[in-house]
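Let chain A serve as the given structure and place chain B on it in line with the hints.
2 protein chains.
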Amino acid sequence: MKHTIKFQPDNITVTVDKGENLLTAAANAGVYIHAYCGGDGVCGKCKVIVNEGTVRSDKANLSQEDWDKGYRLACLSSVQSDLVVTIPEMTTKSGKALKRKPKTTRTISARSLETLIGTWEVDPPVTKLYLELPPPTLEDNISDMQRVMRGIQKVLPDSLEPTYDHPELIKLLPRALRDSDWKITLLLLHGRGSDEPFRIIDVEAGDTTSRLYGLAIDIGTTTCSGVLVDLNTGKVISEASGYNGQISYGEDVISRIIYAGRPGGLNALQDKVVATINTIIDEICRDMIISPADISYIMAAGNTVMSHLLLGLDPKYIREAPYVPSVSMFPLTKAAGLGIQAHPSVRLFLYPCIASYVGGDIVAGVHACQMAKSDRVSLFIDIGTNGEIVVGNREWMVCAACSAGPAFEGGGIKYGMRASNGAIENFQIHPESYEPMIVTIGRIKPSGICGSGLISIVSELLEAGVIDQQGKFNRTLDHPRIREGRDGWEYVLAWGQDSLIGEDIVITEVDLDNLMRAKGAMYAGYQTLLQSVGLTFDDLDRVILAGNFGAYIDLERAICIGLLPDVDRDRFYYLGNASMLGCQISITDVKRFRERVTVRQLMTNMELSENPEFMSYYMASLFLPHTDMSLFPSVREKLSADPGS
Amino acid sequence: MKHTIKFQPDNITVTVDKGENLLTAAANAGVYIHAYCGGDGVCGKCKVIVNEGTVRSDKANLSQEDWDKGYRLACLSSVQSDLVVTIPEMTTKSGKALKRKPKTTRTISARSLETLIGTWEVDPPVTKLYLELPPPTLEDNISDMQRVMRGIQKVLPDSLEPTYDHPELIKLLPRALRDSDWKITLLLLHGRGSDEPFRIIDVEAGDTTSRLYGLAIDIGTTTCSGVLVDLNTGKVISEASGYNGQISYGEDVISRIIYAGRPGGLNALQDKVVATINTIIDEICRDMIISPADISYIMAAGNTVMSHLLLGLDPKYIREAPYVPSVSMFPLTKAAGLGIQAHPSVRLFLYPCIASYVGGDIVAGVHACQMAKSDRVSLFIDIGTNGEIVVGNREWMVCAACSAGPAFEGGGIKYGMRASNGAIENFQIHPESYEPMIVTIGRIKPSGICGSGLISIVSELLEAGVIDQQGKFNRTLDHPRIREGRDGWEYVLAWGQDSLIGEDIVITEVDLDNLMRAKGAMYAGYQTLLQSVGLTFDDLDRVILAGNFGAYIDLERAICIGLLPDVDRDRFYYLGNASMLGCQISITDVKRFRERVTVRQLMTNMELSENPEFMSYYMASLFLPHTDMSLFPSVREKLSADPGS
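Read top to bottom, the protein sequences are chains A and B. Just so we're aligned, residue 1 is where the first sequence starts under our numbering, counting upward by one. Just so we're aligned, residue 1 is where the second sequence starts under our numbering, counting upward by one.
With the rest of the complex left out, here is chain A:
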């Protein structure tokens, strides 16, 4: 259920879900409310007056007098009806009302995926077939397997004779047939092409067709997730995720590769990710009260290093120039052979990778969004430690990885952290008081800054003139939050007493430098790829943001700092966990699954690491948003305007 909130005095109206937090609603609407405890109710600054409508609110440390006057703490209020809310004017320490109002920069999210990915059918690459066979007689004493084949031929008269290669299958078959009075269910695997025969991978006594499940797994460097799909309905019926157990051997792919080179390292890493997958399977199976043996297919995607490690392949040459993976099309593997707790015949499919740093997760994402089936040119972006970029349409695709660095995942940022509870995820600054409005994940006291918070902070500081386009603090501003600290100039986002960690949380010029390098690498990547195919940003019909990051990103702010190109906002789409989505689609619809081959064949990798064009684009990008402001007309306009108007 949706409700409308009108924020006064600026007359800004937004629509939110019932139950939405009022501070979050204001932050997303670009309405500044002084709030620096992150939404924990402790700073008591985010007082608003609810003029009309109902909120559910906690009184907390609000005085009875304020409460009676209609004041509520926005951070402790949830929307229960249409509202009219007044934000009180801020006053200076001397009691004078501040004049300059914060500009409203409403969060603009990219459009959701549905228009992109289309629909898919429930016609999975594994299927079950129930057969009632006539028992053998002396006149009809063909072998058990021939009897089964004949039974299949009767039901599927146009299909080729299935194959089978699972030695246990022919051991199980005689018993299964005789135990079930010649009524059995076969588990069939589709061939790689529609012209290939089925492969029989299991036989069960009786009719078990109602139990058919597929598991989609996204093997992230940090997090692994699993989704269980009921392949009879196509519905996701259970999900689970957990940290990739390899984390104890290193945070990023490079440290994993290094660890794999140590004696026993490769095996240890393989064991860890297998254990992680087994934990996910355990959780899902407990949740649904099914057995791991009921999972009939596993489709997974991961980056090239994760894929190598899962299969026990040495990733050594991925790290050394010229960055060569062992294999890019991974063979269909028996999951049990890797140690995954699954039926011995169940196959694990791993999305193919393109290059050492453009992995199966990207191919799965590109596959999911169907850009390889469209005439329109799309730019596909996955922002992370290694940003991956794909440009193309149904006729051609180029892709590349940019060593963006881990800034957007909290790395290289003094108070950077992953997007977990306590991370500052939204930020506004008052243009006159330079006081912050901080919203954290979980609305608790802040403990650090996550990627989307970092983008908010930098764009707000830039627009407020607290930093300049080179990412340097305005040394002329006299404000307690703007100071020279141990690591150079910095802005205090939260004072120690307001932070979860008990110390001042700041953003420094070193942080700004790292951010500029990260976003600069991405932007230079877009430019290099576009140039390689003779296109410009104007030629892009769609910009597709993959990864969880894409769902939370504020387009205006990301464009403002130069992370995303300054194109029409309605060309942006987000896919969420595109890699998982690709797996999920593929495990549900074999026709879509088969298209992956085309996707992968279309994609051509460009190596940017020593590419001179990339290097020059990159140097030009180390600016906010860019040295060439003609590329960012909307930002140019914004920055040249009076920040307080």
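In short, the hints are calculated from the structure, not lab data. If you're wondering where the values come from, they're calculated on a predicted model, not measured in any experiment. Just so you know, nobody snuck in bad clues.
Output of the computed footprint for chain A on chain B, the stretches with three or more beta carbons under 8 Å from beta carbons of chain A: (1) 127–138; (2) 307–318; (3) 604–613.
Part of the chain B face toward chain A, derived, beta carbon under 8 Å: (4) SER143; (5) MET145; (6) GLN146; (7) SER326.
Yeah, the Cβ is synthetic: ideal placement off N, Cα and C, and Gly gets one too.
Chain B only, in chain A's frame:
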């Protein structure tokens, strides 16, 4: 080198190989020489006079006087030139020359295989491909496997992209490429059809194309044999064989099935045959100084029970009516997975079987002789414990197994034995003296009777009137060798002092009964199959004898007792170990290999065990040669003639 021998006084001329034993030559020519020690030189009876030419001879217990007169013992003489040899007339005990001369029944062997099997090409189902690849650069850093695929595409531009599924392969590839300066040899497996891609099953550093070997294995219930083929030349370069180690658990397939049903029995039987195969591989590899890892493909054939046991499949239902095997098309298996010492990726192909008692050995034999490619109708016969019969041509084939019983392998015959040293393999009887001429395998004292000996003995006894057509001894003959023994009437083939075992070796009426049942089952089988397709023996263009037995069989005598049909002798062919031959052809020529599918699909099994036509044909066959003598015109003529003329 061939030599001609003219035997006097009957003026019979034969051509033999230089070095042939003179007694054997006489026996095969149908020339009777009194000889009852089997060829050991001890009875001293087989004295002949060499009138012209040279023999190499041992004087042994020949008197100096006889030696000087030109007498030689035939059993101790080997042919060194063209000869004229006189056989002295036999005398009665009273010194009178015997009048009735033995008829000459020269051994007629079936024609050899070459006209049947045609030629085959050296284009094996595995092949090696040497590639010199460009090392990767930043501009060309596709994965190692892609580089290999691209390399293949360059050399074989019209081929589909190969597949691979061997997980070790992609682990080995990076090292192999870098150790060999990007020069590697791939081991490729042809797809099942010509429209399927190659499968890469191994990679080796450097150029190893000169080492490419295939192993053909015949898995017999009694004996396993292996043949190593150099797949670069198609030549057989080594052979080895040995008893199937399962023999310790039972002589025949039924006792093996029973043993397989005991706890641990199936595993024990599988282990035994795998150990037997490993011993053969060991021997061959030691012989050729190659490693088992150099064997790139193994093709094997065995009867249905042997095939099941090798794969570890329970043969239980093969024994119980309605006699259903688990599987008839065996999946291509990794040999190492069965415990066979082979490279982990090497495949073992097992010829498919038709039914529980028409196995892969028969399919391989039928495949080898190309009867499925001919318009002419062939009768394919494999005589053993279970006689297998196939009738057909390129358009249709029917087959059946007859429970012939083990008479031809020495079973159920009082002094029966396998065809090994000391077994009587050839026999003639003097029509007046009723004294035997005995030739044993190895020309040592006799220790028993093998299958071909049994046929000789029975046909000679029949023609000499010592037994009648019901297989009963002529009780009116007064001769010390014809007597009533403990098991009824019998003929003494060798007296105790002349036998290796120190006791009289006899053939009894019980033996004759068993022989009649065995040959009767075969003949009734031919009749049932022919009737089922509306044909008669006259419609047969070819009678193909498979198995070693077929090579040694004397057609006239086998027809005489009713084991083989009385058709033109020049329609008979023998294939020797047809099962091995099928494997050997298939491992050398992939086009021939692929034809096996057609062969197998053409063959329709008939179950004879409870077939009323078969039973009535069988009852009519329990006679020598048959109750319906019109089926055996040549034998009728022979038997009605004066046996001594």
